[in-house]
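If you're matching them up, the sequences are chains H and U in order.
Quick note, the working numbering runs 487 ahead of the 1-based positions in the first sequence.
Quick note, the working numbering runs 115 ahead of the 1-based positions in the second sequence.
Think of the hints as simulated: they come from the structure by calculation, not from any bench.
Just so we're clear, the structure is a prediction, and the values are computed from it rather than from any experiment.
Take the hints with a grain of salt, since some may be wrong.
Said to hold, decoys possible - Short, incomplete list of chain U residues facing chain H, as computed with Cβ under 8 Å:
id	residue
1	PHE388
2	LYS391
3	LEU392
4	ASP480
5	SER570
6	TYR572
7	LEU577
8	ASN579
9	VAL581
Said to hold, decoys possible - Only some residues are given here: those of chain H computed to face chain U with a beta carbon under 7 Å:
id	residue
10	GLY499
11	ARG508
12	GLY542
13	PHE598
14	CYS600
15	ARG601
16	LYS629
17	ASN672
18	LEU691
As the list claims (entries may be wrong) - Counterexamples of contact, computed for chain U against chain H with all Cβ distances above 10 Å:
id	residue
19	GLY211
20	LEU297
21	ASP443
22	LEU532
23	TRP657
24	LEU832
25	GLY853
Idealized CB from N, CA, C, for every residue including glycine.
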Amino acid sequence: MTARIGVVTFPGSLDDRDARRAVQLAGAEPVALWHRDKDLRQVDAVVLPGGFSYGDYLRAGAIARFSPVMETVIAGARDGLPVLGICNGFQVLCESHLLPGALTRNDHLHFVCRDQRLRIENATTAWTSSYRPDQEIVIPLKNGEGGYVADERTLDMLEAEGRVVARYLELNPNGSRRDIAGVTNEAGNVVGLMPHPEHAVESLTGPGLDGLGFFTSVLKRLVNA
Amino acid sequence: MTTDAGTASERVSTTIDTVKRAVDTPGLAQPWAELGLKRDEYDRIREILGRRPTGAELAMYSVMWSEHCSYKSSKVHLRQFGEKAPPSDALLVGIGENAGVVDVGQGYAVTFKVESHNHPSYVEPYQGAATGVGGIVRDILAMGARPVAVMDPLRFGAADHPDTRRVLPGVVAGVGGYGNCLGLPNIGGEVVFDPCYQGNPLVNALCVGVMRHEDIHLAKASGVGNKVILYGARTGGDGIGGVSVLASETFADPSAAGTRPAKRPAVQVGDPFQEKLLIECTLEVFREKLVVGIQDLGGAGLSCATSELASAGSGGMRVELDSVPLRDATLSPEEILMSESQERMCAVVEPDKVERFLEICEKWDVLATVIGEVTDGDRLEIHWRGEQIVDVPPRTVAHEGPVYQRPYARPVWQDALQADDPAKLSRPGTPEELREAVLSLVASPNQASKSWITSQYDRYVLGNTVLAQPEDSGMIRVDEETNLGVALATDGNGRYAKLDPYTGAQLALAEAYRNVAASGATPLAVTNCLNFGSPEDPAAMWQFAEACRGLADACLALGTPVTGGNVSFYNQTGEVAIHPTPVVGVLGVIDDVTRRTPMGFTGEGDLLFLLGDTREELGGSAWSEVAHGHLGGLPPAVDLDRERLLAEVLVAGSRDGMLDAAHDLSDGGLVQALVESCLRGGLGARIVLPEGTDPFVALFSESTGRAVVAVPRSEELRFTDMCRARGLPATRIGVVDGDSLDVQGQFSIGLGELREASESTIPALLG
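Model the full assembly from the supplied sequences, consistent with the hints where possible.
Following this line, the structure appears as structure tokens:
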């Protein structure tokens, strides 16, 4: 049986096609999900892709979290459904309170697009088990509001519980606290990541293949389940 | 201030300038001059209509007959692009539509075009640049294509001028803000600094789109009874008069003064989210074959869309202007017709498909309204509050505007400029002086790394970007199964064109053509954005005429037809015009994108060959600018046969796997190209300049028709045999090696020092 991985399209989603391509290259079946549809079409996992959902004129992700599809995604995530939020998807997960913290305007106030080195700090989540602990990877990063912030107690808690999934190396591209690039929930099924693994799944069009692991991780978990 | 203005509707009803009223009041004074029309143009409108125009008709004619929309000064010169067009099987749609369409094989068609948004970007850098991107994307969309990438050739005043700090960051943020939000990768372009652009930056925007042959759509309204649907954003008061000199007060009822919103900005305000929805929605209605004809709303808004659709179609058109959804209920009919509110499209749809069309719009939360229908007459009729306010032959508005033979004359200073030979400039003589000259060249704003700017653009979205800046061309994969792809480059050199506009335009084409070939793609077709001073100045008009003639001749010689483009006149501050700046975009096709040739040196031990001939050519060169602030003499000579040969070798070398890297030689000559390829790939180079050559000329001359290539040792014989057989000079100049640029017997500069020189300039000026 092939795992079915849903990719949500909000109005203003941009990397939804890329996420579906990545799912396919990882060996799973990509399923397009529509923001107005509560029905998740029996998918085994969900990706919230990058972009500017609903234009993000208010605050990134603030409107998307109230969309019909998110009602089901939020409920599913609480029951263990693997959910990966990339960039705007990470913002939506924070707005939905599935993940702690928030994403703010980059400290240098510019949009930034670069190949970013990361260290995988937690290789046990639903989306990172294909990586070795402390593995260094390079995947594209592109955001205007990617500065991860949370209060000190939350940050300490995330560190203590091993919930920092990935950290920026060499250069902190957006002013994120403690160089945090991605975090997970307590159960490890929900992961939010600011850089874009779906843009590093073909050597022809990305900096390498380092992003594929996020998608093979969840596949492995689903097949073994 | 009046106290008895009454309600808005009462006021309007008493002041509607209907066709009937126009007939009854032939002597009414009209503000034609304020609208930018000339006396004889106004007289011609009266002659066409057999009466005075109504206010709405006058509004339409004035914007459609503006230079921007009618090309009235440029038309006689632009004709050459058609007359001298090389025979080409690739052209599916030529000049005259929203954008040209080129066959790239496997059933795919590609459409691309570059346009200017210069003046709005000076007034309001962010929105000017943003809506420039939005406008060109809609042009591409209107042809039936999915937009797949954008590029932005930008020109600003001196890099260290305080106003550049105002304009540049705004423009870059606008390009990025709109394009990033739209989900289109930005894959290339240019950033050039020159004091001549201080009061008049050039913001050109290019978009490329892909479709299947059968999906090509045209802007025409045909089929009596078909519905005209306006969809997208509501119509507001922004951008009124963007293309003419209209003051919106002109039409206002004086009694209403003070009761209406203040005059709105002439620069439009963009909403990229709305445009993203418009793209997806439009592609879906195309997919379901619901559209007979389509036009985007850009300059001149509804005036343009309705008259062009009706003019190109077989019948007439009737529009109920009251149906147009408004942001501001107080807009007059004239203002509605002229508004340049962004993110709007106009489609012609068969009656039985209207319901489905509206459903798809609803799915994407796009507002759509039937505003009229195609009629069996030959008139464009527009109604407002039950009265007829427009009744015109649409061709006279859209396609039969005035045409001028503007006088032109070679400027008196041209001879002196060309006589000011750079040979007299003092040159670096010692190895140490050469070393310093290289470092200051590399660190100069025009040659320095632009990554501070381009890293503000998303180059990854859509997942098909094979090459992006700073590579020689941007390359996009078109088909994920077959790996068919297209490459695009834009180039222009105002300094060359100032010295000789005929040659300068050819050099712009030659460079873009060479850049495409250096990446491994075969050049197919051309688009251009011609940025010049006032057409009313005979000197600027001469530059324009010469550039058109040069470009048309070169397109014929290279076998690459012009598919469309844009003219931007009046780029001047007071009496001082910018350098004539023809920007040329070349589209190429590559059968297998995995064969593309990148520019960076990555193969340790690869052999370096210089292809082509080097002469002493320093007129308009980067060195003369950086070292002496000099502009004079003649630009490098053009040899289009050589360009063709070079391109064939570069493409064959890529296809047959003989090249690890290739980089074209242009501004800054050989040494600049070597530095860029070293820094890009992270490896150094050991260079041995050919015996008997002057090291300075060898390194800094800007002779054209040249490229540097890195050839794996295993391919050396095959490659040199090929060059010999084809008659292209290939001189072995060194090897990829180490971590410095080492010109033997002269100097050595570590990559770290070069990188510091290249990458610190722009952030220091603008960061």
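Here's how the hints hold up against the structure:
At its closest, the beta carbon of PHE388 (chain U) sits 3 Å from a beta carbon of chain H; the interface hint therefore holds under the 8 Å criterion. The interface hint given for LYS391 (chain U) is met, as the beta carbon of that residue sits about 6 Å from the closest beta carbon of chain H, less than 8 Å. For LEU392 (chain U), the shortest C-beta to C-beta distance to chain H is roughly 6 Å, which falls under 8 Å, so the interface hint holds. Taking 8 Å as the C-beta cut-off, the interface hint given for ASP480 (chain U) holds, the closest approach to chain H being about 6 Å.
At about 5 Å, the closest approach between the beta carbon of SER570 (chain U) and any beta carbon in chain H falls short of 8 Å, and the interface hint on this residue holds. Below 8 Å, beta-carbon pairs count as interface contacts, and TYR572 (chain U) has one with chain H at about 6 Å; its hint therefore holds. Using the Cβ-Cβ criterion of 8 Å, the hint placing LEU577 (chain U) at the interface with chain H is satisfied: the shortest such distance is roughly 7 Å. Because the beta carbon of ASN579 (chain U) sits about 6 Å from the nearest beta carbon in chain H, less than 8 Å, this interface hint is met.
The beta carbon of VAL581 (chain U) is positioned within 8 Å of a beta carbon in chain H (closest approach about 6 Å), and the interface hint is therefore held. Satisfaction of the interface hint for GLY499 (chain H) is found here, the shortest Cβ-Cβ separation to chain U being roughly 5 Å, below the 7 Å cut-off. Interface hint at ARG508 (chain H): satisfied, since its Cβ lies 6 Å from the closest Cβ of chain U, which is below the 7 Å cut-off. Interface restraint check for GLY542 (chain H): the shortest CB-CB distance to chain U comes to about 3 Å, inside 7 Å, so the restraint holds.
A distance limit of 7 Å between C-beta atoms decides the matter here; for PHE598 (chain H) the minimum to chain U is near 5 Å, and the interface restraint holds. Hint status for CYS600 (chain H) relative to chain U: holds, with the closest Cβ pair at about 5 Å, below 7 Å. The restraint placing ARG601 (chain H) at the interface with chain U holds, with a minimum CB-CB distance near 6 Å, inside the 7 Å limit. Interface restraint check: LYS629 (chain H) against chain U, minimum CB-CB distance 5 Å, threshold 7 Å, status holds.
Using the Cβ-Cβ criterion of 7 Å, the hint placing ASN672 (chain H) at the interface with chain U is not satisfied: the shortest such distance is roughly 27 Å. Hint status for LEU691 (chain H) relative to chain U: holds, with the closest Cβ pair at about 6 Å, below 7 Å. Every beta carbon of chain H lies more than 10 Å from that of GLY211 (chain U), the smallest distance being close to 33 Å; the non-interface claim holds. For LEU297 (chain U), the shortest C-beta to C-beta distance to chain H comes to about 8 Å, within the 10 Å cut-off, and the non-interface label is violated.
Remark: the non-interface label on ASP443 (chain U) is consistent with the geometry, its nearest Cβ contact in chain H lying 20 Å away (cut-off 10 Å). No beta-carbon of chain H comes within 10 Å of the beta-carbon of LEU532 (chain U); the shortest separation is about 40 Å. The beta carbon of TRP657 (chain U) sits about 42 Å from the closest Cβ of chain H, which is more than 10 Å, so the claim that it is off the interface holds. Every CB of chain H lies more than 10 Å from the CB of LEU832 (chain U), the least distance being 29 Å, so the non-interface label holds.
For GLY853 (chain U), the condition that its CB be more than 10 Å from all CB atoms of chain H holds, with the nearest at approximately 24 Å.
Checked against the numbered hints given earlier, this structure breaks hints 17 and 20; the rest are met.
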